[in-house]
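Letter by letter, the chains look like this.
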Amino acid sequence: MVHRARASHVGTCLSVADILGVLYSDVLRFDPAQPAWPDRDRFVLSKGHGGAALYAVLAERGFFPRRWLDDYCANESRLAGHATHHDVPGVEVSTGSLGHGLPLACGMALAGKRDGASYRTFALLSDGECDEGSTWEAALFAPHHGLDNLVAIVDYNKIQSFGSVADVLELAPLADKWRAFRWGVQELDGHDHAALRRTLTALPVEPGRPTMIIAHTIKGKGVSFMEGDLAWHYVPPSDEQLAAALAELTGDA
Amino acid sequence: MRNAFVSALLELAASEPRIFLVTGDLGYNVLEVFAERFPERFLNAGVAEQNMTGVATGLALSGRIVFTYSIANFPTLRCLEQIRNDVCIHNANVKIVAVGGGLAYGPLGPTHHGTEDLAILRTLPNMTVVAPGDPVETDLATRAIVQHAGPCYLRLGKAGEPVVHERPPAFELGRAIEVRSGADVTLISTGGTLAMTVAAADTLASRGVAARVLSMPTLAPLDADAIARAATETGRVVTVEEHGIGGLGSAVAEVLVGLEHPIVFRPLRLARRVLKTVGTQDHLRAKQGLSPDGIVQVVEAL
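Protein chains in written order, with the numbering used here: chain A, 1 to 253; chain B, 1001 to 1302.
Residues from chain A that face chain B, not an exhaustive set, calculated with beta carbons under 8 Å:
id	residue
1	Val93
2	Ser94
3	Ser97
4	His100
5	Pro103
6	Leu104
7	Ala105
8	Cys106
9	Gly107
10	Met108
11	Ala111
12	Gly133
13	Ser134
14	Glu137
15	Ala138
Quick list of simulated restraints, FRET-style, between CB atoms:
id	chain 1	residue 1	chain 2	residue 2	range
16	B	Pro1221	A	Gln34	28 to 38 Å
17	B	Thr1123	A	Ala231	28 to 38 Å
18	A	Arg4	B	Gly1258	36 to 46 Å
Hints in this document: simulated from the structure, not taken from any laboratory. Each residue gets a CB set at the ideal place from its N, CA and C atoms; glycine is no exception.
Work out the full structure, taking the sequences as your base and the hints as a guide.
Shown next as C-alpha cells:
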C-alpha cells in the first residue's frame, strides 16, 4: 500500500510490525464487531507515522475490509498517512505530531482507574518522540497516579527523522531514565515474538507501576536493503524494490 | 468572573456526574472547594499543560466533561497543538478555562497578559470560543458549555468585575446579547470590557447619541446576523475588546465586508506590541483607549 500510494515511512512500519502483530494476536482485548466496546483495551499509536502498519493489522483482524488498504493515502481515502480515527474502526485516536500519545493514554488509563474498569491502555512510541517534553510530562504523571493499567512500548530502532538517535539527541541510558521516573521497565528484542508474548501477557511488569517496554528494533526489519537505513523513512520502494522486499519477507528470496 | 465560574461549576457538578476538573497547579483559594466535594472528579496535573490537555482529552474520550483550568496563556498557547490535535480533531468534550484574560494580571508583566488567545482559538475547528462580559454572563456561559458537546474555550477575567446585567439575560452560545438599544451607532464588546462599553453608551446618551450595545460573549461561532442587522440599522460600528488583532474586531470586519452597504467601522483593541511597563488592569487598559472616555472619543470621531 505504501508502494502504491508512493508514500513514506515503510521503514517504521517494518520496525513495529512484529510488535503490532503480537499485540493484535495475543494481547489486546477487542471485538472488531464492536469497535467502541467499553471494555476494549485501548491502543494508541503515538508514532502516528506507522499508520500503514496499524491499518494493515486492523484490516487483517476484521475491523474493516482489506480492500480499504488499496486506497491508502489516495484522494478521498479515509486512511491518511498518519493514523487517523475518522470513520476508521479500530483506530482509537488520530496521531502524527509526536509526543501526544502518552498523555492521551494517561487520560484513558486514569479514566479506567477512576471507573474501576478492567480495560488496559497501550501506547506505542517512537524513540524520536522521547525528545518531546510532553512525553516526559506524561512519564512523571503515570507513576504518580499509579497507572498500572498503562503500558508504553518504545520502538527503539535508534534512527530518528534526520539522523541516528546517538547523533541527534542521545537517549541512552533509556531504560534507566524510565526506571528513575518510577516505571516498571522491561527491555526486549522487539522482533522476538516469544519474548514480546511472554512480557505482554504478564503485565504489569512491576505491580502498582506503569509498564515501559523498551523494544530494541531495526528500522526496515526483514528487508536487507532497508534495514537500518534512514532513507526508508521517506522514500517509497520502486517496483523492483517492492518485489525484492516481498520476496525476502515471504522467504522466496 | 472566577468566582461565578466556580460557583456554577460546583452546582452543575452536583447533578452532572460526568463533570471533571483538571488544573495545571493553579487555583489556590479557588478550587479547593471543588477538590473537597468531588475528589474523584478532580485532578491537579502539575505544571505540565501539554500533558494536562492530552490527559483531559483521554478522560473526555472516556465519557467525561472535562474542564482544564489555568491562568493567562498557560492552558491555551503553552499547549496549543494539544488543543488542536487532541481536543479539536477528536471533537472531545474538553472545556478550557483561562483566568486572567486580557490585562487582568497587568502588574505581573507581559508573560501574564492574555492578549492573543481569542484570535488563535477562534481559528480552530470545532472550538466554541466564549468570553463572558460580566459575572452574570460567566454563570450562564458555564452552564451553556456543559450542555454543549464539544471543545469550548472560556476566557475569564479575574475577580471583582462589576455586574452589568441587572437580571440574567437570555443566553445562548453563538448569540449576541443586546444590552442597550439605539439607532445611532453600535458598540460591540466581548469579555470584560462590557462594563466600560455600557458606561460609554450612557455618556453618549446624555449627549444625545443613542448607542446600541451588543455583548458578544461568543466569538466562535459568531452571531453574524446580529452584527449585520445592527450595522445595517445604525450604519456605524465600534468594537471593544481587551485583546489584539484577530479577535472581535477582525471577526466583525469579516461580517461587515460582506454587507451590501458600506459601514463606518472602527475596532478599539490592543496594539500588537509588547508592553514594557506594567500597571493595574485599568491603567493599562486606559493607556490604549480602553475606558469609557476612550470609547466615547472613538465614537465622536467617527
